[in-house]
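Visitor: Chain by chain, the residues:
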Amino acid sequence: MDIIQIKNLTKQYDKLTAVDGISFDVKEGEIFGLLGPNGAGKTTTLMMLSTLLKPTSGFASVNGHDVVKQQGLVRNSIGMVFQDPSSDTLLSGYENLKLHALMYNLPLKEINSRIDKVLDLVDLQKRKHDVVKKYSGGMRRRLEIARGLLHSPKVFFLDEPTLGLDPQTRDHIWEYIQNLAKQTKMTIIVTTHYMEEAEKLCNRIAIIDHGKIAALDSPANLKRALGGDKVILKGRIDTETLKKFPFVKKAEVIEGAVHLSVEQAGKNLQELLCSAGDVENVEVHSPDLNDVFLNLTGRAMREEGEASSYIQDITRAT
Amino acid sequence: MIGERTAKVIKGLYALWYREFRVFTREKSRVFSSVALPLFWYFIFGNGVGSMKGNAVDYQHFIFPGFLAMTIIFTGLFAGAYIVWDKKIDFLKEVLITPLSRTTVFFGKAMGSMTDALIQSYFLLAIGIFLGMKYSVSSFLLSMAILFIFAYGLISLGLIIGSFMESPEGYGLISSFVIYPLFLLSGAVYPLDNLPVWMQVLTRIDPATYAVDALRFVILGAKYANMPILLDIAVLLFFDVLMAFVGTWAFKRLRL
Ligand SMILES: Nc1ncnc2c1ncn2[C@@H]1O[C@H](COP(=O)(O)OP(=O)(O)O)[C@@H](O)[C@H]1O
Ligand SMILES: [Mg+2]
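First to last, the sequence lines map onto chains A and B.
For the first sequence, counting from 1, position 69 maps to 69 in the numbering used here; every step adds exactly one.
Each number in the numbering used here comes from the position in the second sequence (counting from 1) with 318 added on.
Warning: the hint list may mix true and false statements.
Said to hold, decoys possible - For lysine to aspartate or glutamate, the following EDC-like pairs were computed, each having C-alpha atoms within a straight-line distance of at most 20 Å:
{"no.": "1", "chain 1": "A", "residue 1": "Lys98", "chain 2": "B", "residue 2": "Asp408"}
{"no.": "2", "chain 1": "A", "residue 1": "Lys98", "chain 2": "B", "residue 2": "Glu338"}
{"no.": "3", "chain 1": "A", "residue 1": "Lys109", "chain 2": "B", "residue 2": "Glu322"}
What the hints assert, rightly or not - Computed from the model, here is a short list of chain A residues facing chain B with C-beta under 8 Å:
{"no.": "4", "residue": "Leu52"}
{"no.": "5", "residue": "Arg75"}
{"no.": "6", "residue": "Asn76"}
{"no.": "7", "residue": "Phe82"}
{"no.": "8", "residue": "Asp88"}
{"no.": "9", "residue": "Glu95"}
{"no.": "10", "residue": "Leu99"}
{"no.": "11", "residue": "Tyr104"}
If you're looking for bench data, these hints aren't it; they were derived computationally from the structure.
Yeah, the Cβ is synthetic: ideal placement off N, Cα and C, and Gly gets one too.
Bound conformation, chain A alone:
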């Protein structure tokens, strides 16, 4: 039986449907990604799975327990890192962890050794007696990851774990998550709007947009489904002619540029360009998740910060 089962899960706020009848299952031991832009419904989904929000309709179970009818059992099975910081800044890192251990009824004798173990995992041992107010954003996130692991949950939810962090801290957090997956049988659910993060960490990804699942597969399969490399042409392009080539699988105009899916672009590019018309700029790349998203929704998934995607580069240049 799958460790998470979701059937037609829906959350309605007044007029807005934040999560719109999603269904999927997650297998034990997977790192599963929920990838989608801001406002897609990722946090709302996690809140329902963790019993903090009551679904409007539909069903979900975690570790075999119904998230509406068996809230206590669900809460015992899960750990959570919230999108927004949720540690008490007036307490030390150690105190935050101690409170968590007590609230989860861990055996008193084990509490300190467990705290040491999770602090080691996120490299916070040295700063454990500082009040959290003195921590950087990255340290605070690491503390909250440690806290979520303290009671050894079966399922670990991380809501945008690297949002707003610098690239170096982000790499560290990825490393912690990957180590965790290797060393334990824990099931990990990560939400993110960073393609790179989803691609790097997850065994399978559900792409979520406007509260609906647009696609669900492994990163490799999602990209493969696009059929070929991406060629983007700018200028006065004769799209109709290009569509006639057998190796051009798809052609569409997005934000003033012609996006083509081309089989074996390396080999066919020259032929393509000869008939393309007045080309000002050519970009070729193998498809990434951004292209997958673009293909599914017709929109680019904008990213914040330094995690530059190809699409962002060209739109900025225009």
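Chain B with the ligands: place on chain A using the hints.
Guide: Relative to the frame of chain A, chain B with the ligands by itself:
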């Protein structure tokens, strides 16, 4: 041997209490202002209104129990504001996602804020010695007990209101409509004898009236009290029980 379930509840209550208490002691300005503010008001009222009446010392003695109650009322308000704040800084999420029952969460929070309230009001009670209050051992201990049962009810009230509110601003507005009437209608700063009937009725609805009355009875003597002390205590205890029920209900329906 205590059972596993009991151990779980005790650990949970301890954790919730410990957090409130730690935060209280680390916010030095809060500790200071919560004691200094009632004292400040006390002297302003005592000397200002007292001079008008001609006998400042008597009046100061008369209102002293009211200011003990005031520290409790204000901490109750603060307890409610704190839970709204906890929603905002997301610490409440961390508590609500644990396996602790909402009943445990409610009582843990109430115990935490009660500790703050009692430290302050007991401190003021002790300062009363320097302000000319004449306690016996038993009147001092009885005052402590009255403050205790009053603090529990009032803090629960603050938590209940706080649990319904979404923004600190909203809470500030609602709480001033609750806190100031609670204080001003309690007879803390004026005698209740010669009030118009409609105000008499209001003062009788205000639980703080009974706390102030009981404290006057114990600290100043029976002739300063309007009601039998047993009635005062019975009403306060009834209020406590009521708040326990409403409080657990409010926390069960608490949403983020
Ligand atoms: N409490 C709420 N009341 C009304 N609308 C909400 C509430 N919480 C979230 N939403 C809306 O639901 C949608 C999904 O939000 P969310 O799950 O936070 O998205 P994500 O985490 O993917 O960025 C958004 O449009 C958001 O504005
Ligand atoms: Mg979110």
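Visitor: Look at each hint and say if it fits the structure.
Guide: Hints and how they fare:
1. Lys98/A x Asp408/B: Holds, because 18 Å separates the two Cα atoms, which is no more than 20 Å.
2. Lys98/A x Glu338/B: holds, 14 Å
3. Lys109/A x Glu322/B: The hint holds at about 15 Å.
4. Leu52: With a closest approach of 6 Å, the Leu52/A hint holds.
5. Arg75: Status holds, d = 5 Å.
6. Asn76: Status holds, d = 5 Å.
7. Phe82: holds, 6 Å
8. Asp88: holds, 5 Å
9. Glu95: Status holds, d = 7 Å.
10. Leu99: holds, 5 Å
11. Tyr104: holds, 6 Å
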